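> Please work from the sequences and hints to get the whole structure.
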Amino acid sequence: NAGVTQTPKFQVLKTGQSMTLQCAQDMNHNSMYWYRQDPGMGLRLIYYSASEGTTDKGEVPNGYNVSRLNKREFSLRLESAAPSQTSVYFCASSEQGELANEQYFGPGTRLTVT
Amino acid sequence: AQSVAQPEDQVNVAEGNPLTVKCTYSVSGNPYLFWYVQYPNRGLQFLLKYITGDNLVKGSYGFEAEFNKSQTSFHLKKPSALVSDSALYFCAVRAYGQNFVFGPGTRLSVLP
Numbered sequence: 016n017a018g019v020t021q022t023p024k025f026q027v028l029k030t031g032q033s034m035t036l037q038c039a040q041d042m043n044h045n046s047m048y049w050y051r052q053d054p055g056m057g058l059r060l061i062y063y064s065a066s067e068g069t070t071d072k073g074e075v076p077n078g079y080n081v082s083r084l085n086k087r088e089f090s091l092r093l094e095s096a097a098p099s100q101t102s103v104y105f106c107a108s109s110e111q112g113e114l115a116n117e118q119y120f121g122p123g124t125r126l127t128v129t
Numbered sequence: 042a043q044s045v046a047q048p049e050d051q052v053n054v055a056e057g058n059p060l061t062v063k064c065t066y067s068v069s070g071n072p073y074l075f076w077y078v079q080y081p082n083r084g085l086q087f088l089l090k091y092i093t094g095d096n097l098v099k100g101s102y103g104f105e106a107e108f109n110k111s112q113t114s115f116h117l118k119k120p121s122a123l124v125s126d127s128a129l130y131f132c133a134v135r136a137y138g139q140n141f142v143f144g145p146g147t148r149l150s151v152l153p
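Here the protein sequences line up with chains A and B, keeping their order. Take the first sequence: its position 43, counting from 1, is numbered 58 in our numbering, and each next residue is one higher. Take the second sequence: its position 61, counting from 1, is numbered 102 in our numbering, and each next residue is one higher.
To be clear, the hints were calculated from the coordinates, so they are not data collected in a lab. These numbers come from a predicted model, not from an experiment. Treat the hints with caution; some may be incorrect.
Said to hold, decoys possible - Mimicking SDA-like on lysine to any residue, the simulated pairs with C-alpha atoms at most 20 Å apart in a straight line are: (1) K24/A - Q86/B; (2) K86/A - Q37/A; (3) K63/B - F87/B; (4) K24/A - S44/B; (5) K99/B - A115/A; (6) K63/B - P54/A; (7) K72/A - A42/B; (8) K90/B - S44/B.
Stated by the list, open to error - Only part of the chain A face toward chain B is listed, based on derived beta-carbon distances under 7 Å: (9) G55; (10) M56; (11) G57; (12) L58; (13) A115; (14) P122.
Just so it is clear, CB atoms sit at the ideal spot from N, CA and C, and this is done for glycine as well.
What follows is the structure, given as structure tokens:
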């Protein structure tokens, strides 16, 4: 039981390049999330997927797109990377339907855009 | 709109002493409150949560937190700190119809 996995762990991009961050979970969770973590700002929600086939914008969606490929996988795409997107990106999952369900986080992807 | 404040960027405590990491929140409706811990180069790990009922909740690694509705606070506590407790701690809140909102984090340093 690997929990939530993310690839890659590290990535350096040049401004304007594109890339996709991959996330998978093996806990049969319905809900999945993408966050970015910046110093002093905690975690900010980029996009989330309450269930397979649905996606919604979070607090900071500009410059990103997502795909809920199936129940297990939720990818985040940067179409044209900008230095402001330098951050640590975390994927998380949780059971749907209960507000009290905690989230389970992946190990993160550290992205630098030069 | 929901918000979470963690008024201390950094908390230093000597090993063996009690520790408190503070959290206050603002939410419409009944809050669901969570504490997470992040060790270096790792994702966040769930520690404990308050849903309803007893205001004192116990969680992993000997941590506990006290919910205070009148002060809109949910402070994290541990009776005796360990050096291995040194990490970044996040408070989070959720309410009906809303996603999780995380605080900015508090870095805890336990000194030997």
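> Decide, hint by hint, whether the structure agrees.
So, going through the hints one by one against the coordinates:
Pair hint K24/A plus Q86/B holds up; C-alpha atoms about 18 Å apart against a cutoff of 20 Å. A distance of roughly 13 Å separates the Cα atoms of K86/A and Q37/A; the hinted pair therefore holds under the 20 Å criterion. The straight-line distance between the Cα atoms of K63/B and F87/B is roughly 17 Å, inside the 20 Å bound, and the hint therefore holds. The straight-line distance between the Cα atoms of K24/A and S44/B is roughly 30 Å, outside the 20 Å bound, and the hint therefore fails.
Straight-line distance between C-alpha atoms of K99/B and A115/A comes to about 15 Å, which keeps the hinted pair within the 20 Å bound. Annotation: proposed proximity of K63/B to P54/A holds, straight-line Cα distance about 18 Å (limit 20 Å). Between the alpha carbons of K72/A and A42/B the distance comes to roughly 16 Å, so the proposed pair stays at or under 20 Å and holds. For the proposed pair K90/B and S44/B, the alpha carbon gap of about 17 Å is at most 20 Å, so the pair holds.
With a least beta-carbon distance of about 5 Å to chain B, the hint placing G55/A at the interface is held under the 7 Å criterion. Restraint check, M56/A versus chain B: the minimum CB separation of about 6 Å is within 7 Å; hint holds. Checking G57/A against chain B: minimum C-beta separation of about 4 Å stays under 7 Å; hint holds. Proximity of L58/A to chain B holds as hinted, the smallest CB-CB distance being about 4 Å (cut-off 7 Å).
Given the 7 Å rule on beta carbons, the hint for A115/A holds: about 4 Å separates it from the nearest Cβ of chain B. Below 7 Å, beta-carbon pairs count as interface contacts, and P122/A has one with chain B at about 5 Å; its hint therefore holds.
Taken one by one, the earlier hints fail for this structure only at number 4.
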